[in-house]
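Sequences and hints are given; from them, build the entire structure.
Protein chains: 2
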Amino acid sequence: MGSSLTISLDAMGGDHGLDSTVPASLAALSEHPDLRLILVGDEAAVNEKLNSCGASNSERLEVQHASQVVEMDDKPAHAMRMKKDSSMRVAINMVKEGRADACVSAGNTGALMATARFVLKMLPGIDRPAICGLLPTIPGFCHMLDMGANVDASADNLFEFAVMGSVLASAVNNIDSPSVGLLNIGEEEIKGNERIKEAARLLSESKLNYVGYVEGDGIYAGKANVIVCDGFNGNIALKASEGVAKMISHKIKQSFTKNIFTKIAGLVAMPVLNCFRKTIDPRRYNGASLLGLQGIAVKSHGGADALAFQTAINQAIIEVRNRVPERINEQLERLLVEQRDES
Amino acid sequence: MGSSLTISLDAMGGDHGLDSTVPASLAALSEHPDLRLILVGDEAAVNEKLNSCGASNSERLEVQHASQVVEMDDKPAHAMRMKKDSSMRVAINMVKEGRADACVSAGNTGALMATARFVLKMLPGIDRPAICGLLPTIPGFCHMLDMGANVDASADNLFEFAVMGSVLASAVNNIDSPSVGLLNIGEEEIKGNERIKEAARLLSESKLNYVGYVEGDGIYAGKANVIVCDGFNGNIALKASEGVAKMISHKIKQSFTKNIFTKIAGLVAMPVLNCFRKTIDPRRYNGASLLGLQGIAVKSHGGADALAFQTAINQAIIEVRNRVPERINEQLERLLVEQRDES
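Chains A and B supply the protein sequences, listed in that same order.
The opening residue of the first sequence carries number 1 in our numbering; numbering runs sequentially from there.
The opening residue of the second sequence carries number 1 in our numbering; numbering runs sequentially from there.
In case anyone wonders, no lab produced these hints; they're calculated from the structure.
Warning: the hint list may mix true and false statements.
The list treats identical chains as one, so a pair stands whether inside a single copy or across any two.
To be verified - Mimicking DSSO-like on lysine-lysine, the simulated pairs with C-alpha atoms at most 30 Å apart in a straight line are: (1) Lys83 with Lys96; (2) Lys278 with Lys75; (3) Lys207 with Lys258; (4) Lys197 with Lys83; (5) Lys197 with Lys263; (6) Lys197 with Lys75; (7) Lys246 with Lys197; (8) Lys121 with Lys75; (9) Lys197 with Lys207; (10) Lys83 with Lys121; (11) Lys253 with Lys207; (12) Lys121 with Lys84; (13) Lys246 with Lys263; (14) Lys84 with Lys251; (15) Lys258 with Lys278; (16) Lys75 with Lys246; (17) Lys263 with Lys253; (18) Lys96 with Lys84; (19) Lys121 with Lys96; (20) Lys263 with Lys83; (21) Lys121 with Lys207.
Here it is in structure tokens:
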């Protein structure tokens, strides 16, 4: 710990923009005495929001003006070409220029991915970036990637995702030799398409702790520390899971408000249910890592509130402290050297 | 209603075999006075189980001997070639021979699909069969297909799935012009891969009530009556959903057993929670339809208990009464004629 670190924030991004990012920033600064933040966005609006939140002047908090905002429905190419002074782009530039150690944005995923890739560049040996998120499981949590950076992925891409996810899990969560599973529609060797079978072969032959295929329900049963899949399947699994959780929450509420008796039962049960809800609160799992880049960029959920956005800032802090991109690079080189030595 | 119908059951299939299928059969017979069942399996074992359940002789219940059983890990090709006298195969044969109006099995999905396709044959104009299941949603329920019959699907396949799902929803649930959505990773027109975009074009130009792309969470928000996807994504979404539901159930139980106070709260809350649990009980949604065949075959979940297996029998009954294969055939012809007339 000890040495100070700086994170640049896309202050305008996400559904709630400054209403989330400013309070989250203030909370993060008071939690981490060695943290410096750069809020990137419309200077007047950011300062107004800071004032209304009663923020005092601090040399740990800087505002950097950016005249444009990437909208949630902007196409990535449009954002890249036409919005070179967007809060998102400027926040990423600061990482490239060495003025920040990491950046966080709740903005448009596609634009963030494309811009981060363009500005920060890929790590050597990594073909495509991946979005890696944290999910709650019965025994604890797991990392899943890709959650939507790529519509599809080759066997080699899936192998690279496995390396990156494995490094993240060991660097960030101190898991020694994290178990890695491939998301598939069956656990038997015969299941799945050719790309997945080929990825399974690559993983079996590697030094990674590959544990085989994992089905959709295996994610939450905790079958592996790292779940690898293409971005299409990852996104479908993630969103379907969110949908089920919302439906269950809705139906539980409905059950407790049916009549006077259930309402009374609800009064007794609510404190316990609220406590349970905290353990799977998506805000506690916010902050997906954009892996494979020569720099740290964290994607917050677009709908993040201040608490959720603060979790994403924390994720960036942990990745900086644990030098995640450098470690991915080292691990990749080590695996390649080992494979060369064996053949 | 009125006229009697006959259903053949693979009595040996599934994790619980006769322990599920026999009690389910007896319950179904007493629920439906016009139902006839043929229990296919090892005659001695079936009769023994019938006796132990206290079943009286009934002309509505027949036992058909079959000397083999398809195991859960048998490859489809092996089951087809080497187990021609399996309880699964014989139950399907009976539909082909006109001795039964439909068959139900909780056995190996791949073998069931392959055998049903081989024996019953596809409907003209349908390239591939699909597994269509019922899922609970916030406003009620929806049909999703394909849930795993095909690892991938072309745009034409997805279009056929949409037609079949639409017919099933209107025939079985009396939904006039069911809304049809395509499962995708975003709701915007630009999202998704080429196959999905092409399927969207086909659906937009058709007379089906196509409502556009639906994301994973949209399934449970009730965005469409019928959700169309390839078998890989359908299976991933379904299993991930099951996994989340199990995790939530586990964590709720954990929360209520933490200490004496939460245990007391649990006593008060349990009746309400159990009532809620019933509304999303997977046993109430058991019985997936194998669509696209010239005959009715229903797949029960492998882990189905007697109640769940009975739900699958009910699904078969409803499909017989509503002539699902004939109506898919009619609808497909109508859509093709309309398209021809327009071009």
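Check your understanding: Which hint numbers doesn't this structure obey?
Key -> 2, 3, 5, 11, 14 and 20
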